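Hey, can you work out the whole structure from these sequences and the hints?
There are 2 protein chains.
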Amino acid sequence: MSDKVSAALVLIGNEILSGRTQDANLKYIADSLSAVGIVLLEARIIPDVHDTIVETLQELKTGFDYVFTTGGIGPTHDDITSECVALAVDQPLELHPIAFKAMDNFYRKKNIEFNEARQRMAKTPRGATIIESTASIAPGYVAENIIVMAGVPKIMKRMLVDVIPTLKHGKITQSMQLHTNLPEGVLAQPLTDLQSRYPQIDIGSYPQMTDGNGFHVILVSRSTNTSALAALDIELRKMITAAGGIFDLDAKPELID
Amino acid sequence: MSDKVSAALVLIGNEILSGRTQDANLKYIADSLSAVGIVLLEARIIPDVHDTIVETLQELKTGFDYVFTTGGIGPTHDDITSECVALAVDQPLELHPIAFKAMDNFYRKKNIEFNEARQRMAKTPRGATIIESTASIAPGYVAENIIVMAGVPKIMKRMLVDVIPTLKHGKITQSMQLHTNLPEGVLAQPLTDLQSRYPQIDIGSYPQMTDGNGFHVILVSRSTNTSALAALDIELRKMITAAGGIFDLDAKPELID
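Residue numbers (this note's numbering), protein chains in the order written: chain A, 4 to 260; chain B, 4 to 260.
Calculated directly from the structure, the hints in this document are not laboratory data.
Since the model is a prediction, treat every value here as computed from it, not as a measurement.
There's no promise every hint is true.
Heads up, the list lumps identical chains together, so a pair's fine if it works in one copy or across two of them.
[To be verified] EDC-like mimics (lysine to aspartate or glutamate), calculated; alpha carbons at most 20 Å apart, straight line: (1) LYS7 <-> ASP51; (2) LYS171 <-> GLU135; (3) LYS64 <-> ASP54; (4) LYS160 <-> GLU119; (5) LYS174 <-> GLU58.
Given below as structure tokens:
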């Protein structure tokens, strides 16, 4: 197990940027990676524009342990992810023998033509490893440190579950949270002091609007060091009480609107 | 009105990347910009890490007409957006006289201390324009081509509504969609032909899983050229019928899972 394993995520497709669809993949991927100690440090949503995809992948693959992509691996003209990944890892795009054979069998049994468009889905950059998965007959794959997955959420989720055991895992970040009725303007100074005394913890302060246009604040502390988190927890409670506030350990349903 | 106005969006904050919260801002911003002909070409979600924010803003502000940011403009230690924007536009961060005066009056009336933490929210890069808005007493602002907004969805939405009339608008992209029962493997070749004959239209093909693990496909065509869209619409219907499929003009509720 490595101490720290980092990742970036690239959601490829025009439909989220146009506002037509609500992204349904990012939170699931972020959650799944957190659970095995892979830290998602950046996510990008880009259109299916050839140069944008290639440049984004080239930039991110050198900066992170893993780059996950979703979308653009179907058979239609707007599915250009694989040819871009091939350029990013500097390998030719070619029929993957394992994927080709599986798909050929599949379509033969169903008596469906394994036409040129469908064969595009069997192409990967040379040297890629197919993700063994029941998600879809058209495979996801790993090329260098780029993990290429489908965009359809149900398929992507299954591919992610199947690829995660094959990846390096890191130390798992624990988190704890406290809700308080104090405004951020009161919390700011004591929180700054606590953050400087606990540099190994990432303390976040998230104001949420409540029904009556009031606020409450959620303090989220994240670290791989659980004993430091326990010590900070006691100090946060003291701080809130000292400032005349109350804290609430129960995670209320969060208002995101 | 310019023909094409482009934008990038930067969502700043750790809570989406950790999987703790579901993003609630991107789709609203994408929708709002589309409606006035500002084309969102990229979105990034980055943590509140100083260098990451500065470098991201420096990169994006030269590539797009506008860069929108959300998050990180509150009073606490993890609110570092404004100091990063100041570096990105190479201006000192200082108390904005209009914001300072409004906030000073506000807190005075409420008998709340206008302390140092709260005064941080009155700081902007020199030369910034405050967004006139009832969204919040702590303002959003425009620095060069960077539009800095709050992260709390309710406040962000109000700021966006108030800033949009002050921006350049472009030609509005129209979209139309057709649902069909044909699989992408059948649609791929005729769609490729149509896309090459209508280069001014962006044709997207989005497979969606249906209840019985089947698929249907949504074809979304987007362009600023409405007469080309109308011509394409007829051809798409003919194509679907010729391939033995049916099309459905009613936008079914989309399955995103």
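Could you check the structure against the hints above and give me the numbers of any it violates, in ascending order?
4 and 5
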